[in-house]
Amino acid sequence: MHPKSKNIESKQSKPSNPPRRQFTRQRRNLTDGERRQYVRMASLHLIKLQQCLPPHARIGLYYDGFGELPTQPLLDWCQRLGYLPYLPVVGSLGRDDKGNVDKRLRFVPIYHSKLVNLPTRIHSLGMKQNHSRRLLWARELDVIICPLVAVDLNGNRMGMGGGFYDTTLGKSYQVGSKKPLKIGWCYDFQVVEHLERQPWDVPLDGLITPSGLRWFSNNAKANDSAEEKASSADTVDTYLQTLGNDDAREILYYSQEQSFGSDELASVINEERLNKLLAQSDEFLDSLSGEIGDFDE
Numbered sequence: 015m016h017p018k019s020k021n022i023e024s025k026q027s028k029p030s031n032p033p034r035r036q037f038t039r040q041r042r043n044l045t046d047g048e049r050r051q052y053v054r055m056a057s058l059h060l061i062k063l064q065q066c067l068p069p070h071a072r073i074g075l076y077y078d079g080f081g082e083l084p085t086q087p088l089l090d091w092c093q094r095l096g097y098l099p100y101l102p103v104v105g106s107l108g109r110d111d112k113g114n115v116d117k118r119l120r121f122v123p124i125y126h127s128k129l130v131n132l133p134t135r136i137h138s139l140g141m142k143q144n145h146s147r148r149l150l151w152a153r154e155l156d157v158i159i160c161p162l163v164a165v166d167l168n169g170n171r172m173g174m175g176g177g178f179y180d181t182t183l184g185k186s187y188q189v190g191s192k193k194p195l196k197i198g199w200c201y202d203f204q205v206v207e208h209l210e211r212q213p214w215d216v217p218l219d220g221l222i223t224p225s226g227l228r229w230f231s232n233n234a235k236a237n238d239s240a241e242e243k244a245s246s247a248d249t250v251d252t253y254l255q256t257l258g259n260d261d262a263r264e265i266l267y268y269s270q271e272q273s274f275g276s277d278e279l280a281s282v283i284n285e286e287r288l289n290k291l292l293a294q295s296d297e298f299l300d301s302l303s304g305e306i307g308d309f310d311e
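The C-terminal position of the sequence shown is numbered 311 in the numbering used here, with every residue numbered one higher than the one before it.
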């Protein structure tokens, strides 16, 4: 066989990861009842995690909006035990001199008891933001609950490809920092035997699913030389161009500061909550009109 033919054959036979859509569609097809059942089971294992945490631990969470294992019980758990919950913010560091968004996440404190009631601002990534509340760096958190599409038995995580979490956690991982603890939170069907590890991937320290909590003990850095050659930011723009609409929205939804259009918001907004707010607004405007009328008379 010609040498070139061997090279072509080896490239073609190289194993690849399962498609992301395989997992995202399976998540979205779950019923609300199934999600509630699974998250109740997963929440039972949080007691094992809290044994590793200091009092008043700072915990990074994220919104679930696309069929993920619900994260509201994580917020409930934080508030019950006196932990301090935070949400990620994308684009708070603006853009570099090439116009690229700085992909490092920072984290804003949560002061509401329900994620659905949290106020959010809609803007294009990189727009100047109100920093009246201090944003924390990832290294200031004790734990980050990381969103994921799939994870393997060694803790290798498949995200949505945006590179935000890998970029945020990359330096602390490379220097062997123990903070923050990186914990996955997902359904059992998102756990696979093996994922091909990319040079920029940051593995998890632990994983909570409905079936239990597992720790990964073999997360020593692999492919050190490869990690120096590439970063997730190098692949993001190209990857985003290949995503379907649902997947692109899912990447953005992991941040508090969502870059959604009106049609996209309509598909994820809490309609019941919106109707209540509109009713309250109408009631206020009616009362205000009456007061103005009395004043004119």
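Simulated from the structure, these hints should not be mistaken for lab results.
No residue lacks a Cβ here, since even glycine has one placed at the ideal position from N, Cα and C.
Careful: at least some of the hints might be erroneous.
Here are the in silico distance ranges between beta carbons for each label pair [to be verified]: (1) 62 x 167: 12 to 22 Å; (2) 231 x 206: 45 to 55 Å; (3) 132 x 69: 32 to 42 Å; (4) 127 x 50: 40 to 50 Å; (5) 114 x 227: 35 to 45 Å.
Each hint, compared with the structure:
The hinted window of 12 to 22 Å between residue 62 and residue 167 holds, with their beta carbons roughly 18 Å apart. Taken as a hint, the range 45 to 55 Å is violated for the pair residue 231 and residue 206, whose Cβ atoms sit roughly 19 Å apart. Between residue 132 and residue 69 the CB atoms are about 25 Å apart, so this pair departs from the stated range of 32 to 42 Å. Residue 127 and residue 50 have their C-beta atoms about 18 Å apart, which leaves the hinted 40 to 50 Å range violated.
Taking 35 to 45 Å as the suggested C-beta distance range, the pair residue 114 and residue 227 conforms, at roughly 37 Å.
Comparing the model with each numbered hint stated earlier shows that hints 2, 3, 4 do not hold.
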